Structures are given as C-alpha cells and as structure tokens.
Amino acid sequence: MEMAVTKLQRNENKKFVCPKCGRELGFIEGGAVSVVAGKVDMSSVLPKYPCESCGIYYQELLNSGYYDEFPLPEKMKPKKLVRTGDIPPMELKREADGKCTCPRCGERMDFVEGQPVRIVNGKPDMENVKDHFACRFCNSVYRRIASTNYFQWSEK
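Going by the working numbering, the sequence shown opens with residue 76, and the numbers climb by one from there.
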C-alpha cells in the first residue's frame, strides 16, 4: 500500500469523509504515549480517522491539516459477520461466566432468563418470556427450540 498525504474534506455534518470511497470517517480519540519495540511512539496520542470499508485510517501530520494514510490494525478492523441464513440450529450452553460465544460474530453474548409477561404501551410484551441468548455486539438473538438445549437465530 502506498502511503499518501492528503487534505481531508468535510461533509455537510462537518465530519471528515474518506477520499477513496466518500463514506464518513469514524473518530478515535488519541490515547497515552506508548512504547513500541523499545521506542517511544508519540503517534498514539493523535486522533485517528478510520474508514472501515477501505481498511485504512488517517492521522494528521504535524498539525499541518494534511493527513497520512495507514492500514487499519487487525484489532481495529470490524469483524466479519456470518450471514443469518448460514447459522444452523445449534446447542448453546452458558459457561462459568454465564455467557456463551456468539456463532455470528464471535463475541461473548449474554444469557437472558425468561421473565413474566410485561405490559409495554398497553400491550403484552412476549419478547423476554422464554430463555434466550442476546449478543449486544451484532444484535443477534438466539431462541431455544422447544424444550431442548438447541437454539436458533431469531429476529427480534
């Protein structure tokens, strides 16, 4: 990948846009000074403007208004989600922490115990009546199939 210095443009919401794809860039605040390979890395204190679709981020060069382009590190890249149609019914079990690994995104999802029917806006809310797993990272819900230990992805 060729490193390029560029002047970032702003959209009508005053947010930077990616010069490659035109999408709005994210914002990651700068952190503390870090030590990388025994050397002080001052670039970690500068804010980053990531473009997840292009797999790059921009960082300002010496307060010049121009930005250097860098590849996104693996930990900053969004995880690939498994398509919901490709998730078969599967046995899910709570682990010691009461959570389970999400088959769709790989993050830890919570087990939600069944609760009594609640009235919301004058109507019965049946969503949390039965035990299920809920992933707050990819917003997936896995509902129990009958009285088995098998769960299936479900729309909310």
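Each hint should be verified, as a subset may be incorrect.
Simulated crosslink set (SDA-like; lysine to any residue; CA at most 25 Å straight-line) [said to hold, decoys possible]: (1) Lys95 to Leu156; (2) Lys82 to Gly189; (3) Lys174 to Gly189; (4) Lys82 to Lys174; (5) Lys90 to Val157; (6) Lys198 to Glu182.
Per label pair, the in silico range of CB-to-CB distance [unchecked claim]: (7) Ile194 to Val80: 36 to 42 Å; (8) Glu230 to Ala112: 46 to 52 Å; (9) Lys205 to Asn138: 53 to 59 Å; (10) Pro146 to Lys89: 22 to 28 Å; (11) Arg211 to Glu99: 38 to 44 Å; (12) Asn138 to Gly106: 46 to 52 Å; (13) Ser128 to Gln227: 28 to 34 Å; (14) Asn224 to Leu156: 23 to 29 Å; (15) Asn138 to Arg211: 53 to 59 Å; (16) Ser229 to Ile194: 48 to 54 Å; (17) Asn86 to Asp143: 34 to 40 Å; (18) Lys174 to Thr223: 31 to 37 Å; (19) Cys96 to Phe212: 20 to 26 Å; (20) Leu83 to Ala171: 42 to 48 Å.
None of these hints come from the bench; they were simulated from the model.
Computed from a predicted structure; not experimentally measured.
Glycine is no exception: its CB is placed at the ideal position from the N, C-alpha and C atoms.
Status of the hints after comparison with the structure:
no.	hint	in the structure
1	Lys95 to Leu156	24 Å, holds
2	Lys82 to Gly189	53 Å, violated
3	Lys174 to Gly189	15 Å, holds
4	Lys82 to Lys174	45 Å, violated
5	Lys90 to Val157	30 Å, violated
6	Lys198 to Glu182	33 Å, violated
7	Ile194 to Val80: 36 to 42 Å	59 Å, violated
8	Glu230 to Ala112: 46 to 52 Å	47 Å, holds
9	Lys205 to Asn138: 53 to 59 Å	56 Å, holds
10	Pro146 to Lys89: 22 to 28 Å	26 Å, holds
11	Arg211 to Glu99: 38 to 44 Å	23 Å, violated
12	Asn138 to Gly106: 46 to 52 Å	18 Å, violated
13	Ser128 to Gln227: 28 to 34 Å	30 Å, holds
14	Asn224 to Leu156: 23 to 29 Å	24 Å, holds
15	Asn138 to Arg211: 53 to 59 Å	38 Å, violated
16	Ser229 to Ile194: 48 to 54 Å	22 Å, violated
17	Asn86 to Asp143: 34 to 40 Å	21 Å, violated
18	Lys174 to Thr223: 31 to 37 Å	20 Å, violated
19	Cys96 to Phe212: 20 to 26 Å	24 Å, holds
20	Leu83 to Ala171: 42 to 48 Å	46 Å, holds
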